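**Q** Single-letter residue listing:
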Amino acid sequence: MSKHSTDQSSYPRADVDPPSGKLFPHKHLLGIWGLDPTAIKHLLDVADGYVDLNRQPVKSAPSCAGLTQINLFFENSTRTLMSFEIAGKRLGLDTISMATGNSSIKKGETMLDTAATLNAMHPDVLVMRHGDSGAVKLLAEKMDCAVINAGDGRSEHPTQALLDALTIRRRKGSIHGQTIVISGDVAHSRVARSNIYLLNAMGARVRLVAPPTLLPADVGELGVEVFHHMEAGLKNADVVMMLRLQSERMNGAFLPSLREYYHFWGLTRDKLKAAKDDVLVMHPGPMNRGVEIASDVADDLDRSAIEEQVEMGVAVRMACIDILTKELRQAALTGAGT
Amino acid sequence: MKTAYINARLIDPATEFDAMGSLVVNDNVIEAYGTDIDVAGAAETIDCGGRVLCPGFIDMRAHAVDANSALAGGITTIILQPDQTTTIDTDAVVERIRHRSVDSQIVSVYPMGAATQGMQGQQIAEIGQMQQSGAVGFTDCNHAVADAQVMRRLLEYAGHFDALIVQYAENPELGAGAIAHEGEIATRLGLASAPAAAEAMQIDRDSRLAELTGARLHFALLSSKDGVNAVRAAKERGARVTCSTAPHYLHLNDNAVEGYRTFAKVRPPLRSEEDRLALIAAVADGTIDTLVSDHSPKSADVKRLPFAQAASGIVGFETLLALAMAPVHAGKIDIMTVLKTLTVNPANLLGLPTGTLAAGSFADFVVFDPNKPWRIDADALISSAKNTPFDTLPVQGQVWRTVADGISVFERT
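Residue numbers (the working numbering), protein chains in the order written: chain A, 1 to 338; chain B, 339 to 751.
In case anyone wonders, no lab produced these hints; they're calculated from the structure. Check each hint, because a few of them may be wrong.
Examples of chain B residues toward chain A, derived with CB under 10 Å [to be verified]:
id, residue
1, G521
2, E522
3, L529
With a Cα cut of at most 20 Å, we get these calculated SDA-like pairs of lysine to any residue [what the hints assert, rightly or not]:
id, chain 1, residue 1, chain 2, residue 2
4, A, K273, A, T179
5, A, K142, B, R642
6, B, K641, A, T114
Computed from a predicted structure; not experimentally measured. Yeah, the Cβ is synthetic: ideal placement off N, Cα and C, and Gly gets one too.
Bound-form chain B, shown alone:
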């Protein structure tokens, strides 16, 4: 059965195609897209009303599956982090998650495995077997692999499988116990803090190891200007390094934790305004390769605690697009660059068969209105928890329809 999506602004970041036209889906595969597509044979025709149609978003860093929330945010592929109740550090756990994902047929879930056993940073995890079972990358999540020798061997070993290692970019000693960005606000609030240098130091060390071993290395969640500069320098030296950040680092600075607002407590911490602006510039110039939600549902019980005791993390699926579009509307980043960070870039890094509208690829795509104004309402979120610092924030850009595997799985009425 054929379905035609007509009157759409088609954007395929993989080819930088951006024009009005139509897209035809045959069962679960994209048959064709373009300006002059014959849609006569389609059983169903959907008028996109001039909205943007682009590949479904790939969220490279999520701590929970939360499928309906993801689809409402236009995310059709979730990369689940290994910090689950049972740490994902064996092929058995990877297989179980992949099977559950295939059975659900809604949102695609690919796990990342732990880089070291139990994410303890001592013994390399079974990377090869986890990769065979469907793991798309390896990381110790919110722990940087501290030991330089372990890190070196990890990269050497992973290089043999061409597996992507994802490192949390914070020097563990400088970051120990830190819950805020070192600066005037942390000083005034009396919060233990770490400087941005902790991020740059880890990037400097590990990009040297990436050069030494020739392996691929990705730095998760950049939060600082120094971190961005460290990645930029490593890329210029020819190291095979990439990096990501999350929209909240583009949108907030450490003022957000004023008054001990634990809903703005994230790891790494929100940093200065200078850092925020540097991160936006780094997305614009391509230094930052991917945008991730770092979706991390936490109940009010673990958030409404004294700042030091409160859980870190925010829910990000449903606000990912609108927050990523903010610098586009501000004229700081073009829409093609932002959509690359959400589609083709993570697909290429992780080797996924998605992230493009190319004929023959799986029909995972999203239709969104880039200009639609709305107000984020924490209570209206579908996600399993409502921990967002963006409640009541006016934003622009909203998902209208999400199609996964050819099926329309989310429709906004």
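In isolation and in its complexed conformation, chain A is listed as follows:
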């Protein structure tokens, strides 16, 4: 569906800004909140080009060779960490991943000391995940390099929203005007928040479907329609994004049981009939089959975009790194020329 050719020279890299101003006028990517549609579109355009590159036998585009990327994860992650690591390596960065499970940087050291320590190592890109909302923003205030939020608490997970948007755009042609359902544990989900901001910014109609216990207070104020019944929420939907249900939600009296949750809010073929025929089914992973989504829906090749989302993840993260290091690289080139 990509409109771009496979000729590498035509990839819409981040290198050139139009005379009208910077397409992405931010030092960090801390969240979708506060990004304007132009900046989001630019990120998606650049990422679109990398999708094609990633399908080539030789996937290297070492425009960022010599730069250093640190992936600092205070929370467990497999796919996001790997995705960022692959993205960095394909762009030629030296990537170092640190999971705090095997590092001395834990709660004992304050956030700002951590920032000072990392700063002294002169990274060019810092990718960070943390369990507390706002933690990545706090650290970014003290970092000289570009910081990418790989998920903070319940706040934001911007690259996930971007990869979801890229998936939708490539499958549906546009985000504008699509009716997009986000269903599941919205209350504890940073993925849902980032997606709400992005999809709203790009002109989609966003619906949330969840039991009342899994919806945060006043969520309607974020510009979404709220449903509690799955069938009503799914009616004429173009896209359904399912969220992962954390099993620990069973302990906090949020839900009576997984069985009942699946009965009312699990995405089955039957419930999906209410949506449009060509509905796109998405999930940020990892999936709980038989809890929030039925296996036959997840594995439906015509409708499920779940694997494609993972593929888009690498491209989106390459685009983020590319765009955020652009000025740095240009300065280095200019410096070398004089």
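Given chain A, work out where chain B should sit, using these hints.
**A** Just chain B now, kept in the frame of chain A:
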């Protein structure tokens, strides 16, 4: 030795006296005040330049003594909360704090004792003996006594000593882990939150227990419209309940935590604009009895952390008057009502021999310029830490001179 303070706007909230005149101090006691006072015999005469002279402020809720900061804010009496390094839950600790206060002879410090041992909410603390040693109230500070049976017995027992119980007004289960007000902002920032109903529920339950036992009960730090309405209803039913709030709840709403500003992280959390306006109205109509600073110095080390991990609390002594005067300048509360909440009301609640200009009372008073414009500067604060969300805020109303026990202990030049 006599000192005369002349050309002052004398305000004594205890009698609602408000007129230009003079006040004469003899050693550490107020000899007389009024419009036609003979000041001829005074060894020293101080011209107050038309500024307000009123009783020194009584801050019913402070977590640290920070004496110089208090005096700069016009506070001459501090009620120290029991959440100290050593929890104030025995008469020995109360006595030590009282002795230290008497020795210092500057600012009067009266401790509140813990309501339950170790503030654990299980076993009633030694209220009688702590009271004999000088404790003026009993509270578990930022923990509500959760168990209704314990609370009932606490009130019954305290009633025997006519001791004031101060309850933190938040249902502990609904408030567990909450760091923000439940609403659009907490949802967007992804912060764990509690609804205002948690406050009203605790007030509803405990004011019923106050009625049942006939005991005196004070709710600390109201933050919501529902909370105010719950107290108002309880007062109308005849329950012996009172309540307080802090100026930051009159001045800020939950927009202040936008961008994860931990300097605005307080307990209970800043709530909606509707709640803020309801609190101002409740001070104006007397539903809220006292204004407190909730002075809580925290170093930048414990504030500059991710929001969930950061310490709660702000420093309040030096900004208490200026922030309390803001609704006065806005025409929402009259100056007499505001000064009552800072002087005679807490004095009556706690049984303190201060909070009035009456002849024969201790010479604890403050002279302030109610209109003086200035800008709050965190770095210029005297307090032991600078954690204020009000840095650079333009305000009106500034302390000119603080007199404690007849001695001029703070003078602004």
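**Q** Quick one: which hint numbers does this structure break? Sort them smallest to largest.
**A** Nothing - there is no hint that the structure violates, so all of them hold.
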